[in-house]
Amino acid sequence: MRWINRRISRSTALLMGATPIVVLLIVYLIIATDRNAINPNEKILPLPGAMFDVMRALVFERDPLSGRYLFWSDTAASLGRLGIGVAISTASALCVGLLLGLLPPVRATFGMLVTGIAVIPPIALLPVLFIVFGLGETAKVALIVIGIAPFMVRDIAGHIGALPREQIVKAQTLGASTWQLMLRVALPQSMPRLIQATRLSLGPAWVFLISAEAIASDIGLGYRIFLVRRYLAMDVIIPYVIWIAILAAVIDFVLVLTSKRLFGWAHRET
Amino acid sequence: MGALLSFRDVWVEYGDLIVIERLSLDIEEGAFVSVIGPSGAGKSSFLRLVLGQDAPSRGSITLDGVDLKPECEPDRGVVFQRYSVFPHLTALGNTMFGIECAKAPFVAKLFGGGRREAIAQAEEMLEAVGLGQSKDLYPSQMSGGMQQRLAIAQALITRPRILLLDEPFGALDPGIRSDMHELITRLWRDYGLTIVMVTHDIEEAFGLGNRVLTLDKWRLDPHAPHRFGATVVYDLALGRKDKKPSLKSEPEADDASIERTVSNTIDMNSNN
Numbered sequence: 001m002r003w004i005n006r007r008i009s010r011s012t013a014l015l016m017g018a019t020p021i022v023v024l025l026i027v028y029l030i031i032a033t034d035r036n037a038i039n040p041n042e043k044i045l046p047l048p049g050a051m052f053d054v055m056r057a058l059v060f061e062r063d064p065l066s067g068r069y070l071f072w073s074d075t076a077a078s079l080g081r082l083g084i085g086v087a088i089s090t091a092s093a094l095c096v097g098l099l100l101g102l103l104p105p106v107r108a109t110f111g112m113l114v115t116g117i118a119v120i121p122p123i124a125l126l127p128v129l130f131i132v133f134g135l136g137e138t139a140k141v142a143l144i145v146i147g148i149a150p151f152m153v154r155d156i157a158g159h160i161g162a163l164p165r166e167q168i169v170k171a172q173t174l175g176a177s178t179w180q181l182m183l184r185v186a187l188p189q190s191m192p193r194l195i196q197a198t199r200l201s202l203g204p205a206w207v208f209l210i211s212a213e214a215i216a217s218d219i220g221l222g223y224r225i226f227l228v229r230r231y232l233a234m235d236v237i238i239p240y241v242i243w244i245a246i247l248a249a250v251i252d253f254v255l256v257l258t259s260k261r262l263f264g265w266a267h268r269e270t
Numbered sequence: 001m002g003a004l005l006s007f008r009d010v011w012v013e014y015g016d017l018i019v020i021e022r023l024s025l026d027i028e029e030g031a032f033v034s035v036i037g038p039s040g041a042g043k044s045s046f047l048r049l050v051l052g053q054d055a056p057s058r059g060s061i062t063l064d065g066v067d068l069k070p071e072c073e074p075d076r077g078v079v080f081q082r083y084s085v086f087p088h089l090t091a092l093g094n095t096m097f098g099i100e101c102a103k104a105p106f107v108a109k110l111f112g113g114g115r116r117e118a119i120a121q122a123e124e125m126l127e128a129v130g131l132g133q134s135k136d137l138y139p140s141q142m143s144g145g146m147q148q149r150l151a152i153a154q155a156l157i158t159r160p161r162i163l164l165l166d167e168p169f170g171a172l173d174p175g176i177r178s179d180m181h182e183l184i185t186r187l188w189r190d191y192g193l194t195i196v197m198v199t200h201d202i203e204e205a206f207g208l209g210n211r212v213l214t215l216d217k218w219r220l221d222p223h224a225p226h227r228f229g230a231t232v233v234y235d236l237a238l239g240r241k242d243k244k245p246s247l248k249s250e251p252e253a254d255d256a257s258i259e260r261t262v263s264n265t266i267d268m269n270s271n272n
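These protein sequence lines are chains X and Y, in that order. With my numbering as the guide, the letters of the first sequence map in order to residues 1 to 270. With my numbering as the guide, the letters of the second sequence map in order to residues 1 to 272.
Source of the hints: derived by calculation from the structure; they are not laboratory data. Hints should not be assumed to be uniformly reliable.
As the list claims (entries may be wrong) - Heads up, simulated DSSO-like pairs for lysine-lysine below, C-alpha to C-alpha not over 27 Å straight-line:
no.	chain 1	residue 1	chain 2	residue 2
1	Y	Lys135	Y	Lys109
2	Y	Lys109	X	Lys260
3	X	Lys260	Y	Lys69
4	Y	Lys135	Y	Lys103
5	Y	Lys103	Y	Lys69
Whenever a hint applies, use it, and build me the whole structure from the sequences.
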């Protein structure tokens with residue numbers, strides 16, 4: 001049978017999906033055990049036991065210097081920045097994207113500007129942000145917003161602009177004004193797309209968050225990773241990276257679920 | 001009975017390109033006008049004119065004696081071949097849309113008593129097009145024929161002066177199509193509608209309409225085909241408003257009546 005026609009049952013798929021992960025873990029363990037056997041002070045590939053010990057201190061014990069549970073305050077700080085940044089981007093994508101996509105005069109006026117901003121590499125603007133907003137929270141959130149909002153705006157504007165002309169005409173023959181059309185036709189149809197755009201933007205959003213934290217911060221997941229890098233503390237870095245991956249996966253899952261719950265009409269096959 | 005919709009020497013030009021020229025036409029209230037013609041002969045442009053999507057470059061179009069604004073208005077309902085219904089609303093929501101736009105200018109959504117009233121009207125309209133049982137379905141859960149029924153119900157709820165149909169049954173299976181023919185004929189009669197239907201199915205045009213317009217270029221210059229626009233080359237009145245629609249059962253009778261009117265109207269109108 002051709003590979004493209006193979007059907008995989010749910011349980012088999014789960015098993016197959018787990019296989020490479022397990023294999024990687026085993027390979028890691030073998031190499032790590034090997035290196036630790038040769039060098040008791042091995043730093044690069046720590047064993048799970050060592051990671052658990054270090055992480056236990058970060059998760060369950062207060063830091064003697066700051067009096068904070070470092071792991072949780074890092075997580076809270078990073079998620080806060082990410083949340084505010086993504087929320088601002090989503091809201092502006094919705095407002096600006098709707099107007100750009102639906103109203104030709106707005107598109108003619110601001111379309112080029114948005115495209116122009118979108119092609120600037122956001123990291124290149126980071127110095128500007130630090131100069132303008134200082135090294136505080138604002139600059140980090142602003143980097144996330146500048147990094148993902150233009151893409152989201154263009155995505156929503158494109159989606160709204162691509163709504164069948166027939167629908168727009170039909171709404172008008174039913175008496176809809178521009179405002180009513182925006183509220184009842186364009187807005188609801190942009191919502192599932194907005195969630196989709198948010199999902200896609202979360203990857204870059206994490207990149208910008210961690211970059212900003214790495215450069216100027218005193219708390220946050222990215223800050224911690226870059227801080228302990230000086231001591232080659234892979235026993236902190238690896239668990240932190242896994243934790244970031246779990247957070248990202250959970251957020252993505254919640255977004256998919258929300259979209260399916262609230263906008264079932266967009267997920268049905270025609 | 002005066003003309004509901006009048007075209008007076010209407011031209012549509014885009015720069016050098018002449019799409020429609022010298023179009024003069026009166027459509028009476030209660031008429032079912034089929035518009036046929038070869039591709040590129042201005043059928044869509046004609047429809048866009050009536051809809052208000054395009055303005056004529058010369059001449060005037062009046063509805064009830066008032067000049068048509070170059071914008072879509074609720075006095076002209078439309079059903080397209082596809083994409084006529086809103087995918088994010090149920091059948092009921094789609095049908096109520098027109099009422100909600102008219103009664104709630106700011107939120108375009110009704111609540112309480114107004115909403116109950118709108119639901120009752122919408123349900124009645126859905127019943128009339130045979131979708132009484134499907135009011136909670138989304139368009140993606142409906143077949144093509146059901147979607148077109150919904151599009152008709154949605155358009156009729158605002159009681160438009162003219163209903164425009166743009167190849168409304170073109171994408172449907174033959175069986176479904178004849179059901180739809182019955183439906184539209186019944187609605188035309190029951191609601192006293194004025195219908196303008198653009199189609200490329202000649203059988204459909206003659207079977208449903210009581211007047212058939214043929215749009216075509218009145219002259220073709222092989223060296224400058226774009227310099228001559230389309231106009232009405234045949235205007236056939238089919239005097240059988242009270243006859244049942246009969247696409248299949250009495251083809252001979254239909255043909256005979258068509259032939260008779262063809263010779264009459266061509267001479268009378270001297271359009272060609």
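Checked hints:
Proposed proximity of Lys135 (chain Y) and Lys109 (chain Y) is supported: the alpha carbons are some 18 Å apart, at most 27 Å. Taken as a hint, the Lys109 (chain Y) and Lys260 (chain X) pair is honoured in the structure, with Cα atoms around 23 Å apart against an allowance of 27 Å. A threshold of 27 Å between alpha carbons decides the hint, and for Lys260 (chain X) with Lys69 (chain Y) the separation of about 42 Å lies outside it, so the pair is violated. At most 27 Å may separate the alpha-carbon atoms for a hinted pair to count; Lys135 (chain Y) and Lys103 (chain Y) meet this at roughly 21 Å.
Between Lys103 (chain Y) and Lys69 (chain Y) the CA atoms are separated by roughly 22 Å; this keeps the pair inside 27 Å, and the hint holds.
In summary, the one numbered hint that this structure violates is 3.
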